[in-house]
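Full structure from sequences and hints, please.
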Amino acid sequence: MIYLFFVFSFFLLLIGAISIRKSKFQNGFFIFSGLLLFLIAGFRSENISNDYTGYIEYYNDVINYSFSRVEPSFILIAKLVDHLFNNVVFLFVIYALLGVYFKYLSISILSQYRLHSVLIYFCVFFLTLEMTQIRAGVAAGLLLLCIKPIKEKKVVPFLCFSLLAVFFHFSALIILLLYFLNGEKINKKFYFLLVPAGYFIYFFNVNLFFFIDYIPINLIQAKFESYSTYDNEINLFNIIYLSRIIVGYYILRKIELIHIRNSYAIVLIKIYFISLFLFSAFASIPGIGSRVSELLLIVEIVLIPCILYTFRNKFLGNILILFIGFAHLCFSVFYTKLLLY
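FYI, in full-length UniProt numbering the residues of the sequence shown are 1 to 341.
These are calculated hints, taken from the structure and not from any lab test.
Remember, it's a predicted structure, so these values are computed and weren't measured experimentally.
For each residue, glycine too, the CB sits at the ideal point set by N, CA and C.
Certain hints may be false.
[What the hints assert, rightly or not] No more than 25 Å apart at the CA atoms, straight line, and that leaves these computed lysine-lysine pairs for DSS-like:
1. K79 <-> K24
2. K148 <-> K254
3. K185 <-> K79
4. K151 <-> K189
5. K79 <-> K148
6. K314 <-> K22
7. K314 <-> K24
8. K79 <-> K151
9. K22 <-> K79
10. K148 <-> K188
11. K254 <-> K314
12. K185 <-> K154
13. K185 <-> K153
14. K148 <-> K185
15. K151 <-> K185
16. K185 <-> K254
[Claimed, not checked] Taking CB as the label site, the calculated pair distances span:
17. L316 <-> S9: 18 to 28 Å
18. S66 <-> K188: 44 to 54 Å
19. L316 <-> L84: 49 to 59 Å
20. Y335 <-> F180: 33 to 43 Å
21. C160 <-> K22: 30 to 40 Å
22. L176 <-> S23: 15 to 25 Å
23. H83 <-> L257: 46 to 56 Å
Structure (structure tokens):
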């Protein structure tokens, strides 16, 4: 119950901070909020999130040399923690530090509306990525750091960030393909059709993984096999996914206007629609469809605040963004139950 109180108190604090337009205050609150989220994620108790005990088991397996089906970064960090601290808590501290820091650094680079981005990050992703899927959380932050190199076609920093993301989570392999996105032009009809194309692939059982058998990497094949037997079903008509489609189409319609104000908008909206496509196209393999899609959805942190550029009445734009954030937060807490109170 204490954590539930914190969640909604922090949400209200963000609303208050957004309403105060003094830049010095907002800069200070931006830093304060990052430190607070790091402390909450890093030093949380073990009965708060679903995956906490699972990561402790992974940690014990790694330090006892009996676990190999995990990303190299986890093995490295687990052994480092065991050597330096001999306390599993510091495993979560390191992942929280990296996950929160990379996202806040990305927000400072990509977003003019930094506190709005923090609001979306907290409401939509914090409980999932920093409190539950901590390896994917670090990879998602690194994906955001790839946006600027993709836009500017700087291959060296892009490869550094993307390969480091793969080091933390294998689903980040998809990032390597994003380099080829054009950050200046967009075929709106093509991206408009991606969502119905995903539904078509799912309902007509089109196999997009015929090439997996030809990849001579045992770990990747083992991961694919485990994801293929993932028994959670994806509901392609759930309210969150449908609302994301609506938001995506609205931003796509206004993308020229938004791109004038945020030069990364075209790259962001392209990644967003690729994410929506992957969610539906791979819905028959939820372990892949949901994980890869969720990784790419991290662009919402910057993309959703861009809605403000389309409103002359900023008050209405703020209300819409707050509503989107609050709806996601309630869904995470009360429906998917990411907090175990």
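What's the verdict on K151 and K185, does the C-alpha distance respect the 25 Å limit or exceed it?
holds, 11 Å
Can you confirm whether the C-alpha distance between K185 and K154 stays at or below 25 Å?
Given pair K185, K154 holds - Cα atoms ~18 Å apart, limit 25 Å.
Is K314 close enough to K24, meaning Cα to Cα at most 25 Å?
holds, 21 Å
Does K185 pair with K153 here, judged by a C-alpha cut-off of 25 Å?
holds, 14 Å
Between K151 and K189, is the straight-line Cα distance small enough, at 25 Å or below?
Given that 25 Å is the threshold and the Cα spacing comes to 21 Å, the pair holds.
Within a Cα-Cα threshold of 25 Å, do K254 and K314 meet the stated pairing?
holds, 16 Å
Assessment of proposed distance window 44 to 54 Å (beta carbons of S66, K188):
About 52 Å separates the Cβ atoms of S66 and K188, which means 44 to 54 Å holds.
Given the hinted pair K148 and K254, is their alpha-carbon gap at most 25 Å?
Distance of about 21 Å is within 25 Å: holds.
Using the beta carbons of L176 and S23, state whether their distance is inside 15 to 25 Å or not.
Given range 15 to 25 Å: violated, Cβ gap about 37 Å.
Between L316 and S9, does the C-beta distance stay in 18 to 28 Å?
holds, 25 Å
Just to be careful, I want the Cα atoms of K314 and K22 compared with a cutoff of 25 Å; is the pair within it?
Roughly 16 Å separates the two Cα atoms, so the pair holds.
CA of K185 to CA of K254, is that 25 Å or under?
holds, 14 Å
Going through the hint list in order, the structure does not satisfy hints 1, 3, 5, 8, 9 and 22.
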